[in-house]
Amino acid sequence: MSAKMLPEHLLEQARHLARRERTRPRQASLRRALSTAYYALFHFLIREAVRQIGHNLSEENFNRAYRWFDHGAMYRVARGFSQETVRIPNSKEVLIQDNPRGIQFIAQHFADLQELRHLADYDPGAIFVRADVLAMTDRVATTFLLWPAVKSSPEANAFLLSLLLWEKWGKRS
Amino acid sequence: MQMLDSKEWKQGYTGRMNTQGETGMDTQELEQHLRELLAAKRLPSFIKSARYELGTDHIGEPAVRIYLEIEPEVATLLEKDKTQRDEYSEFCQNLTSKILRLESGYFPFIRMAEAA
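Protein chains in written order, with this note's numbering: chain A, 1 to 173; chain B, 1001 to 1116.
The set of hints was computed from the structure by calculation and includes no laboratory data. From a predicted model like this one, the values you see are computed outputs, not experimental measurements. Where a beta carbon is used, it is the ideal one built from N, C-alpha and C, also for glycine.
Stretch-level coverage of chain B by chain A, calculated; a stretch enters the list once three of its residues show a Cβ under 8 Å from a Cβ in chain A:
hint: 1; stretch: 1054 to 1065
hint: 2; stretch: 1074 to 1081
hint: 3; stretch: 1090 to 1101
hint: 4; stretch: 1104 to 1116
Generate coordinates for the entire structure from the input sequences, incorporating the hints supplied.
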C-alpha cells in the first residue's frame, strides 16, 4: 500500500504527541511532535511536487521520483521563496518579482520547521513550550489548506521545480 | 509587558557570523530595526518581553533568533485557546515578513520561551 496520506497522518501524529501528557508535557514528546510536524510538511511538499510535475507517472515511478528530494536543497529553496522578490541562487537576477503571500508563508514555515527539527533532534539544551509546538502544528495544517488555492499559480510551479533544480536556474549553457 | 533595557538586548548576541559575506546591511542597522520591531508597545498583550540573537542557522547561513517570552500560566492558556494561538501565529508571520523585507540576509526564527 502506498503512503499517499502520509503527510496528513504525520500531522495527526504530531498533534497527538504534543498533547500526549495531560499536564506537564515531556520535552521528549514536544521534540518528537516538532520533528514529526516537519516531516508532515516535508512529505506534503514532495507529494505535491511529484503530483504536479509528474502527474501521470506510474506508482512505481512516482515512488522513484519521490526519493530525489533532499532536505538541505529544499531548505535553501524555502529561504529563497520566503522573500517577496525571489532571486536566482548566487546571482542578483530576479526569478520572481511578486511572490504570492501564500507561497511565502509555505516557504517560511518549511524553513522554520526544518531549523526547529534540527534543534529538537540534536540540541539537548533546547527547551520547547507546548503552546509554541501546537502553534507550529496549526501552521502545518494551514499550509495543507492553503496549498490548493495557490498550487495552480506560475510561482507555485517555479517553487516546486526549484525544490529539485534550484541551482540550475543560473545555468546559461 | 516590560521594556527591555540595552543590556538585556545584547544578552546572547553573537556578533556578525556571516559565512557567505552576503548580508545586505550592517548588523547595527539590523539591530536598530529589531529593537523597533520588538519594542514592548508592539508586542501582543500575552507576550511579556522579547529578545534576539544574531548567529547562523543549521547550514551556516545568517540567522536571527527571536524569543518571545511569556508567563507559564499564559502558555497554558494558549495551549487551550486556538484563537489566541492564531493571533500569536499571525504576529510571528507579520514579524517574519517585516524582517525579510529588510533584505538583511538574516533569516528570522521566532520561538516562544517561558519567562523566568
